[in-house]
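Undergrad: Chain by chain, the residues run as shown.
Number of protein chains: 2
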Amino acid sequence: MRATVLHSPGDIRLDTLDDAQLQDDTDAVVRVVASCVCGSDLWGYRGLNGEQTEPRQIGHEFIGVVEQVGSEVADIEVGDFVIAPFLYSDNTCAICLKGTQTSCVNGGGYAGCQCELVRVPWADGTLVKVPQPVDEALYPHLLSLSDVFPTGHHAAVSAGVGPGSTVVVVGDGAVGLSAVLAAKRLGAAEIIVMSRHEPRQALAREFGVDHVVETRGRKGAAEVKEILGGIGADAVLECVGTKESMKQAFSSVRPGGTVGYVGLPHGVELNVPVMFYTNSNLVGGVAPVRHYLEDLLPDVLSGTIQPGRVFDLTLPLDRVADAYRAMDERTAIKALLTI
Amino acid sequence: MRATVLHSPGDIRLDTLDDAQLQDDTDAVVRVVASCVCGSDLWGYRGLNGEQTEPRQIGHEFIGVVEQVGSEVADIEVGDFVIAPFLYSDNTCAICLKGTQTSCVNGGGYAGCQCELVRVPWADGTLVKVPQPVDEALYPHLLSLSDVFPTGHHAAVSAGVGPGSTVVVVGDGAVGLSAVLAAKRLGAAEIIVMSRHEPRQALAREFGVDHVVETRGRKGAAEVKEILGGIGADAVLECVGTKESMKQAFSSVRPGGTVGYVGLPHGVELNVPVMFYTNSNLVGGVAPVRHYLEDLLPDVLSGTIQPGRVFDLTLPLDRVADAYRAMDERTAIKALLTI
Chain A
3 MRATVLHSPG DIRLDTLDDA QLQDDTDAVV RVVASCVCGS DLWGYRGLNG EQTEPRQIGH
63 EFIGVVEQVG SEVADIEVGD FVIAPFLYSD NTCAICLKGT QTSCVNGGGY AGCQCELVRV
123 PWADGTLVKV PQPVDEALYP HLLSLSDVFP TGHHAAVSAG VGPGSTVVVV GDGAVGLSAV
183 LAAKRLGAAE IIVMSRHEPR QALAREFGVD HVVETRGRKG AAEVKEILGG IGADAVLECV
243 GTKESMKQAF SSVRPGGTVG YVGLPHGVEL NVPVMFYTNS NLVGGVAPVR HYLEDLLPDV
303 LSGTIQPGRV FDLTLPLDRV ADAYRAMDER TAIKALLTI
Chain B
3 MRATVLHSPG DIRLDTLDDA QLQDDTDAVV RVVASCVCGS DLWGYRGLNG EQTEPRQIGH
63 EFIGVVEQVG SEVADIEVGD FVIAPFLYSD NTCAICLKGT QTSCVNGGGY AGCQCELVRV
123 PWADGTLVKV PQPVDEALYP HLLSLSDVFP TGHHAAVSAG VGPGSTVVVV GDGAVGLSAV
183 LAAKRLGAAE IIVMSRHEPR QALAREFGVD HVVETRGRKG AAEVKEILGG IGADAVLECV
243 GTKESMKQAF SSVRPGGTVG YVGLPHGVEL NVPVMFYTNS NLVGGVAPVR HYLEDLLPDV
303 LSGTIQPGRV FDLTLPLDRV ADAYRAMDER TAIKALLTI
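For the protein sequence lines, the chains are A and B, in the order given.
For reference, each letter of the first sequence is one residue, going 3 to 341 in this note's numbering.
For reference, each letter of the second sequence is one residue, going 3 to 341 in this note's numbering.
Please note: incorrect hints may appear among the correct ones.
No copy is singled out in the list; a pair is fine if it fits within one copy or between any two copies.
[As the list claims (entries may be wrong)] With a cut-off of at most 20 Å between alpha-carbon atoms, the simulated EDC-like pairs for lysine to aspartate or glutamate come out as follows: (1) Lys245 x Glu271; (2) Lys221 x Asp301; (3) Lys131 x Glu74; (4) Lys186 x Asp330; (5) Lys131 x Glu118; (6) Lys227 x Asp77; (7) Lys131 x Glu79; (8) Lys131 x Glu69; (9) Lys249 x Glu271; (10) Lys100 x Glu228; (11) Lys186 x Glu53; (12) Lys100 x Glu192; (13) Lys227 x Asp26; (14) Lys227 x Asp320; (15) Lys186 x Asp297; (16) Lys221 x Asp82; (17) Lys221 x Asp21; (18) Lys245 x Asp20.
The set of hints was computed from the structure by calculation and includes no laboratory data.
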């Protein structure tokens, strides 16, 4: 099969590998119809994940059609159109039953999925079947459910966004924009996005943003507070993960408010005494996509939300290197790969 | 008036000071009937708050009878029996209206209250009137509502304790024991307290604890997990505030669970990447007592809960130095002062 392989930082190639195969009786093999590049894929691409000693497959977001199932797979059938959460999980262990499938005792990541075939362990627990014929126009939106949209949703849920909430979104990447859409869907009364990029601001507005703040640091926080009647936001959705973005988040949240964070933290430092005295909370982490899918899928199928609009570049798999380059250079918000 | 004054670390005296007086039209002056010593009072007593340059009044928890009110006080009247939250607040600012009265834009702390008379700013916003004649037997329970019980309650609420929750309480001081009672009241299914002190374990059991874990560190966390079916607790109530206790808390919480913290943090370090990957949340801070009082008071008045049982030493005000000594030496869980 054709598969995307990161040979070394910056060196993305489409190689020919052995076809993915069933290994365990609970596995499925899925033929990918669409995949995409995640901001977190860029860490390895940029050489920021430590030394890479050998080539490795890459990618963790995909939708596709089930091609084979193991003998113990009961709910998923050959021919099903499925969404794959970016981590697999048995969905039956004690932690999965609590809704944190990302910490499943039998869970883990795929070998890679920017390719033609993917082995999916615990197929019944992991895959979510789309219960109707799927028009190609829906692919971006369904694909967004494998990671980026539920991740933005997780930021909003973690921060307690509900009807009437005031919300600040830190980050205007695909996750930040997804967080805007998620907050709007959950009933936020007022949404501010911190963004300096005109095209992203435009999409943010279409997703429901009321105000754009371009300044950063103390000035940015002061601007947020001015918009929100003198106090910070009920909920800040931290969708970047740097030291600076986390600091921005805590300076923008009101006393008693919550920072919902989904940006993979790099070098983040927290001022715990200040958090304590202001009752500013930190809730979130790696999004348990599987937990949210049944809730989110109907709104995508009905067209109520169009989370796939974060894809502003679509390329065939053999141009995957261009997709990485566009993401790396920030000329694309998020690149979709057709297989 | 007679008033407790910390002259220097370890030197607690009952001095004679000028009577507390009205200063602003929104003030009240309250004649204290009972006060108590807080674990946080011991920081200054032990010389751990930095250099103390001059004698200062101390104490922040009290109940009493209103003696004078300013011309703009409308809801509180002379003769009212009142509970004073440990911080004053106007209860009308934007932050108070969100329920975080501890960050009131006009809020602050009393001059001290282990004394006969206290000036209470923003009397209408701060004081909660007890709406019935008060029997002396209720004093400890009503007094506990000024700080210690709502603080334990805040840990439980922050950690999301509700019907069916599994709970670990880190700390067996008065706050930890209050957190046990609060968790039980909120419907927790299973409560573990980490305690090595027999008398405290006994009260914890009466308050609703199902299991006592005496070991600490990894072994203690392993014991917690064994009791809770292999995963950690839904909610961990951190009622100490040290580096070690916070570490214990995070090692005892399940993936996707929450540490509700109310122990004033000293030297706490958080492992944010681990928190992120396990979706372990940190929620809490200094308890907004005023926010909780209307909810908690009826259960105290009806005798449904007896949070004042954390007081295991009662002394008259002129023995306040003995009260501090007993708290410092941990021979008392919490000392009540009758005025």
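Undergrad: Does each hint hold? Answer for all of them.
TA: Okay, the hints, checked on the actual structure:
1. For the homomeric pair Lys245 and Glu271, the shortest alpha-carbon distances inside one copy (6 Å) and between copies (15 Å) are both at most 20 Å.
2. Proximity of Lys221 and Asp301 under a CA criterion of 20 Å is satisfied in neither setting, with 37 Å inside one chain copy and 46 Å between copies.
3. Taking identical chains as interchangeable, the C-alpha atoms of Lys131 and Glu74 lie at most 20 Å apart only when both belong to the same chain, with a minimum of 17 Å there against 65 Å between chains.
4. When the C-alpha separation of Lys186 and Asp330 is checked against a cutoff of 20 Å, the pair qualifies neither within a copy, at 28 Å, nor between copies, at 52 Å.
5. Proximity of Lys131 to Glu118 under the C-alpha cut-off of 20 Å is restricted to the intra-copy arrangement: shortest distance 19 Å within a copy versus 70 Å between copies.
6. Taking the shortest Cα distances, Lys227 and Asp77 never come within 20 Å of each other, neither inside one copy (50 Å) nor across copies (32 Å).
7. Taking identical chains as interchangeable, the C-alpha atoms of Lys131 and Glu79 lie at most 20 Å apart only when both belong to the same chain, with a minimum of 9 Å there against 65 Å between chains.
8. Only within a single protomer do Lys131 and Glu69 lie at most 20 Å apart by alpha-carbon distance; the minimum there is 13 Å, versus 70 Å between protomers.
9. In the homo-oligomer, the alpha carbons of Lys249 and Glu271 lie at most 20 Å apart both inside one protomer (8 Å) and across protomers (16 Å), since each shortest distance falls under that limit.
10. In the homo-oligomer, the alpha carbons of Lys100 and Glu228 lie at most 20 Å apart only across protomers (17 Å), although the nearest pairing inside one protomer, at 39 Å, exceeds that limit.
11. Neither within a single protomer nor between protomers do Lys186 and Glu53 lie at most 20 Å apart by alpha-carbon distance, with minima of 41 Å and 50 Å respectively.
12. For a Cα distance limit of 20 Å, the shortest separation of Lys100 from Glu192 across copies, 16 Å, qualifies, whereas the shortest one inside one copy, 31 Å, does not.
13. With identical chains, the CA atoms of Lys227 and Asp26 are never at most 20 Å apart, being 54 Å at best within one copy and 29 Å at best between copies.
14. Neither within a single protomer nor between protomers do Lys227 and Asp320 lie at most 20 Å apart by alpha-carbon distance, with minima of 47 Å and 48 Å respectively.
15. Within a single copy, Lys186 and Asp297 get their C-alpha atoms as close as 15 Å, which meets the 20 Å cut-off; across copies the closest is 32 Å, which misses it.
16. In this assembly of identical chains, the alpha carbons of Lys221 and Asp82 never lie at most 20 Å apart, being 51 Å within a copy and 46 Å across copies at closest.
17. For the homomeric pair Lys221 and Asp21, neither the shortest alpha-carbon distance inside one copy (54 Å) nor that between copies (45 Å) is at most 20 Å.
18. Taking the shortest alpha-carbon separations for Lys245 and Asp20, neither the intra-copy value of 41 Å nor the inter-copy value of 50 Å comes in at or below 20 Å.
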